[in-house]
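Engineer: Here's the letter readout for the chains.
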Amino acid sequence: MTAQPDTPVPVGRSWTTGRLAEVDHVGERLVRIRLEVDERTDHVPGQHYVVRLRAEDGYTAQRSYSIASDPVEPLVELLVERLPGGEVSGFLHDDARAGDEVELRGPIGRWFVWTGGQRALCVVGGTGVVPAVSMLRYARRLGRADRLTVVAVGRTWDELPYADELAASGALVALTREDRGGRYGAPPSPREVAPLADGVQRAYVCGSAGFASFATRLLGEVGVRSDVVRVEQFGATG
Amino acid sequence: MPITRGFTGRPRDERPDRLPPGQYDAGDQWPVLTAEPDGDVDLTRWRMSVDGAVTTPSSWTWDELHALPGSSYDGDIHCVTTWSKFGMHFEGVSVDLLLDAAGPTSEATHVMAHSTTGYTTNLPLDDVRGGKAWVVWEVDGAPLPVPHGGPVRLLVPHLYFWKSAKWVTRLELMTRDRPGFWEQNGYHDRGDPWLEQRYQGDP
Numbered sequence: 001m002t003a004q005p006d007t008p009v010p011v012g013r014s015w016t017t018g019r020l021a022e023v024d025h026v027g028e029r030l031v032r033i034r035l036e037v038d039e040r041t042d043h044v045p046g047q048h049y050v051v052r053l054r055a056e057d058g059y060t061a062q063r064s065y066s067i068a069s070d071p072v073e074p075l076v077e078l079l080v081e082r083l084p085g086g087e088v089s090g091f092l093h094d095d096a097r098a099g100d101e102v103e104l105r106g107p108i109g110r111w112f113v114w115t116g117g118q119r120a121l122c123v124v125g126g127t128g129v130v131p132a133v134s135m136l137r138y139a140r141r142l143g144r145a146d147r148l149t150v151v152a153v154g155r156t157w158d159e160l161p162y163a164d165e166l167a168a169s170g171a172l173v174a175l176t177r178e179d180r181g182g183r184y185g186a187p188p189s190p191r192e193v194a195p196l197a198d199g200v201q202r203a204y205v206c207g208s209a210g211f212a213s214f215a216t217r218l219l220g221e222v223g224v225r226s227d228v229v230r231v232e233q234f235g236a237t238g
Numbered sequence: 239m240p241i242t243r244g245f246t247g248r249p250r251d252e253r254p255d256r257l258p259p260g261q262y263d264a265g266d267q268w269p270v271l272t273a274e275p276d277g278d279v280d281l282t283r284w285r286m287s288v289d290g291a292v293t294t295p296s297s298w299t300w301d302e303l304h305a306l307p308g309s310s311y312d313g314d315i316h317c318v319t320t321w322s323k324f325g326m327h328f329e330g331v332s333v334d335l336l337l338d339a340a341g342p343t344s345e346a347t348h349v350m351a352h353s354t355t356g357y358t359t360n361l362p363l364d365d366v367r368g369g370k371a372w373v374v375w376e377v378d379g380a381p382l383p384v385p386h387g388g389p390v391r392l393l394v395p396h397l398y399f400w401k402s403a404k405w406v407t408r409l410e411l412m413t414r415d416r417p418g419f420w421e422q423n424g425y426h427d428r429g430d431p432w433l434e435q436r437y438q439g440d441p
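Just so you know, the protein sequences line up as chains A and B, in that order. Per the numbering used here, the first sequence starts with residue 1, numbered consecutively. Per the numbering used here, the second sequence starts with residue 239, numbered consecutively.
I should point out that these hints are in silico values taken from the structure, not numbers from a laboratory. Glycine included, every Cβ here is placed at the ideal spot set by N, Cα and C. Treat the hints with caution; some may be incorrect.
Think about it this way: if two alpha-carbon atoms lie no more than 25 angstroms apart in a straight line, the pair counts; the simulated SDA-like pairs of lysine to any residue are [stated by the list, open to error]:
{"hint": "1", "chain 1": "B", "residue 1": "K323", "chain 2": "A", "residue 2": "G210"}
{"hint": "2", "chain 1": "B", "residue 1": "K323", "chain 2": "A", "residue 2": "G90"}
{"hint": "3", "chain 1": "B", "residue 1": "K323", "chain 2": "A", "residue 2": "G86"}
{"hint": "4", "chain 1": "B", "residue 1": "K323", "chain 2": "B", "residue 2": "G388"}
These stretches of chain B come out as covered by chain A in the derived footprint (C-beta under 8 angstroms, 3 or more residues) [unchecked claim]:
{"hint": "5", "stretch": "246-253"}
{"hint": "6", "stretch": "263-271"}
{"hint": "7", "stretch": "298-308"}
{"hint": "8", "stretch": "362-375"}
Every beta carbon over 12 angstroms from chain A, so not counted as near; a handful from chain B, in silico [to be verified]:
{"hint": "9", "residue": "P240"}
{"hint": "10", "residue": "L281"}
{"hint": "11", "residue": "S287"}
{"hint": "12", "residue": "A291"}
{"hint": "13", "residue": "V292"}
{"hint": "14", "residue": "T294"}
{"hint": "15", "residue": "P295"}
{"hint": "16", "residue": "G313"}
{"hint": "17", "residue": "D314"}
{"hint": "18", "residue": "T320"}
{"hint": "19", "residue": "D338"}
{"hint": "20", "residue": "A339"}
{"hint": "21", "residue": "H396"}
{"hint": "22", "residue": "R408"}
{"hint": "23", "residue": "D440"}
One chain only, chain B, in its complex shape (with noise of 0.2 angstroms):
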């Protein structure tokens, strides 16, 4: 790999050890990445469900969303456009909730999330459980803006973060893994930010 003459970088004793490979700390920005217009929801006729290769189809409303226990997320994300953002505090629930009422069948091996906007995004069944994924409507302290997927979005901490489908509606529980919007648009089937796995091809 070619070194380029006179490129320095930023010193390294300011690069902290929880920033991936590849990643820079967007501090107080927040970066926001779509590629569609933002979802319009109207919030009675919102439902969640979690379907497909379930034994129990479920769905629920906003309010019966918000009545499940609660669960949060305080940590880190990363964007495959090579910003990270630390410290994020969310509230919702946890996928592991949402899969343990539909049930998945024992040939489930992945989920399409689907959103509103016809965005999906493909992920690993062993991904979004054991407390690794939530639906969330809050980011410190806040409601959850539209333009980052308000009201609800997934949320993947560990993976990419176009894996956190905004605006998600819909958890489709799969037999076989089937390349969502971005991943047919040449990006990484399951988006390891501390692999680097950015596009289709990388390890």
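Pulled out of the complex, with its shape left as it was, chain A reads as follows (with noise of 0.2 angstroms):
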């Protein structure tokens, strides 16, 4: 583990405003939401933001997210899943409609950041597959696709978030609850890794915890060594 960040990152240091541009349910649980920033400072990907609601008397309550969107893009695009009483993530999928307005703290973190230097491999899982969509949008643009692979992981295409959009950019999507285009569904074995892991000088590992546990256990059997992976887990364990 290497304590220093390779390149100097941005983060945000106060609290701004956001007005929400764009409302999209993408899922059954899941809302992309479009963002303006006021005071912006553009982000690396991999990076997050925070969001916080604050109600007529004041009682505010706050939540992170990855971003998704490449540095360029005029908006900030977040993928938020809804989680069973969130008090945020309900807010944002049920009621939240364009025009509101969430004040926003970022772009935060310097640790989980892809510059695009370094040869990388992405295992990330469910809405862990955010800042690998990214990376991946910035790689394009940069003509670095080709030091970019990941690895997304759903149980089924419909709920994996960006499906579509990471199997364009050369993703191998792995699903676990379903046979599609000649695989069957399983996680991802290191026979199908293996070959994506040659040559990698960083990895990132995004997801829920028992997902970040089995995504940098793969990552080991196929020789990346446990000092170049990055991990970023979310959710609950008991």
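Quick one: dock chain against chain with the hints and give me the complex.
Structural biologist: Right, dumping it as structure tokens:
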């Protein structure tokens, strides 16, 4: 584990206002929001924003969401999964509409970031694909798609966020509960991932705690050294 | 600050006084958040050490550490990702005991906690002495699980939980502050949840 960031990565230090420009329900429990950000600091793929909602009496609730957009896109794109009893995700999924304002702070994080220099492999699952989507869009724009390989894991095609975009960008889409395109429903195997791990200088794992533990083990099995693996986990365990 | 149209939030009377601003009660859940693969630990070779600006650099084996007078913490913990967990019970030893053995010099002002994974976090010395910090190996009556920092983690419950370094093996006394891992990556040097010191630039 290297504690130093590779290059100076900007972080937003103060709160600003974000206006919801687009609110799209892209799955049963998934909403994609695109925001106009007042005082915007350009992000680096892998960073996140804190979204804070403020009620009329001043009560607030805040959560962090990874950024899906490329830094040059005019709107900042976040993907929000509706969690059971989720105070922020529930509002964004059920009540939010274009024109609404939220408070934003970001971009945040200098660890789980890819600046395009190193040959990288992402193993991401479920809504954990979001930072990899930002990395892919960025890599394509810079003509560096050859330096980034993504393994995206979901239960079914319909449940996996950005499945079409990921596949079109050359990601290995591994569905665990659906047979598709000649691949049987199963987690990605060492045999599938080993050829993608050749010469990898950096690996990114993002997903639930259970997924992250599966993915770091898989990377170890295909010969990726643990000190080049960066992990971002979310969700709860008992 | 803009009001978000239509947002009312959870009923206010459900929000206990013990919950710091911007936090929610995680209930039975204990989320796992780690930046690197879990640490691997061989207990026969494991050591806990205190060094740096001290008069007597000291270290303890697994058995030696367990032979010290025990100390426990009953109370709440708060993660910067906004979950808090109430009524935790941790067992271990007080950091005071380890510091007393090593004897910080009069110039020592800060501590860097180091983990087997290379993770580091910096703390003001006064935040880890005076009964405010522990190294712990048991939670709620069971050995501390590896994903939660087992076999031994630092516990500094009055600060955000990234300061409670998992898989801790070394406390380095320093004569000036130096940022640790998350602190270099944009997080606050102190991390008081009651002041919402989440990121660099917060009060």
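Engineer: Looking back at the numbered hints, which does the structure fail to meet, lowest number first?
Structural biologist: 7, 8, 9, 18 and 23
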